[in-house]
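Visitor: Chains A and B, in that order, give the protein sequences.
Quick note: the first sequence uses the numbering used here, first residue 1, plus one each step.
Quick note: the second sequence uses the numbering used here, first residue 1001, plus one each step.
Derived from the structure by calculation, the hints contain no laboratory data.
Just so it is clear, CB atoms sit at the ideal spot from N, CA and C, and this is done for glycine as well.
Treat the hints with care, as some may be off.
With the Cβ distance kept under 7 Å, some of the chain A side facing chain B (calculated, not the full set) [stated by the list, open to error]:
1) Gly27
2) Asp46
3) Arg73
Calculated lysine to aspartate or glutamate pairs in the DMTMM-like style (CA-CA distance at most 20 Å, straight line) [said to hold, decoys possible]:
4) Lys76/A <-> Glu1027/B
5) Lys76/A <-> Glu1020/B
6) Lys76/A <-> Asp1024/B
7) Lys1016/B <-> Glu57/A
8) Lys74/A <-> Glu1027/B
9) Lys76/A <-> Glu1062/B
10) Lys5/A <-> Asp1053/B
11) Lys2/A <-> Asp39/A
12) Lys1016/B <-> Asp39/A
13) Lys1016/B <-> Glu68/A
The calculated label-pair distances, taken between Cβ atoms and stated as ranges, are [claimed, not checked]:
14) Glu24/A <-> Gly1037/B: 28 to 34 Å
15) Ala106/A <-> Pro1040/B: 46 to 52 Å
16) Arg1045/B <-> Ala90/A: 18 to 24 Å
17) Leu1036/B <-> Leu97/A: 38 to 44 Å
18) Arg1032/B <-> Ala9/A: 24 to 30 Å
19) Leu1036/B <-> Ser38/A: 16 to 22 Å
20) Gln85/A <-> Val1149/B: 26 to 32 Å
21) Arg1031/B <-> Gly40/A: 16 to 22 Å
22) Gly72/A <-> Arg1059/B: 24 to 30 Å
23) Gln85/A <-> Ser1039/B: 33 to 39 Å
24) Leu102/A <-> Arg1031/B: 35 to 41 Å
25) Gly67/A <-> Arg1032/B: 30 to 36 Å
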Amino acid sequence: MKIKKDLVAASATPIILSILRDGESYGYAIIQRVRELSDGELVWTDGMLYPILHRMEEQGLIEARWGESDTGRKRKYYRIQNSAQEVLEAERRQWNLVNLILARLAQPEVA
Amino acid sequence: MNSKESTLLELRGVSKAISEELQDHFEEDLRRRLALGLSPEEARRQSLASLGDVASLARELEQARRDPLWKYSRSPWELKLLVAGWIAFSLLCLSRICTHPNPTYLSIGICVAFGLVAGAIGLSMLHRRETLRRWACHVSVAMAFALLVKSALAGEMPVLLPFAPLYLAVFAIGAFASAWLLCRESLRNCFL
């Protein structure tokens, strides 16, 4: 299933924040996690993810630190900021509402 | 390492931090493909293909780090208040100096302005607003320089004042911070 670009962009922030709420992570791992959660249906690219991560960092939603990978290479890890928890909750409420509306509209009307 | 891989590390005008992050992404992807059983050549080809236009991506990432100040709608309220106060004071200071040249007022104005800027820089560091920090430094130095030129033209140099060392020290710190921020990318490249 091909997900529209606009929908992918709109859902990126809450998805990233939700992933980082479970613990710090890095770009490649976030892409893999999204692929895994969507059973391979949603495939983010580095070209899409990294600009969003950097903007979220500048906005203060997430913070980054340099660490080391298991191979000893420098790696940039991201983690959620406390102030972003509210943003995430607000995003979730909005997505739940949209989901609820679509679910109700999909149900056959009872005469 | 072929030419495309080398561009990951040597993109012109791109900070080493960004190159490092993209390089790490590439190598992680390459390892995964090798683990799937692909030949080294094929794994490398696919990893490079999946990266797409690295130069464009790197430029976009640089742009994300340099977004203009007015895009920061989610800045904390205390930061906005401080910046608003700083800008208002700076404008007031400039207008007063232009209409009533006075060395004492000039020096106090510059020191207080720098104090406000120092606060803005501190808060921006606390909240990790790199762009704001950069702007605060550059504008403060530009403002101090404008005041200095104005006073020099009026024949009232603030260095004649008793607290001139304080003024000079504050100015020097501001100028140094501004220069440091301008060279930050180069410094990062040296010490990352």
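Visitor: Mind listing which of the numbered hints don't hold for this structure, in increasing order?
Guide: Result: hints 12, 16, 20, 23 and 25 break, sorted rising.
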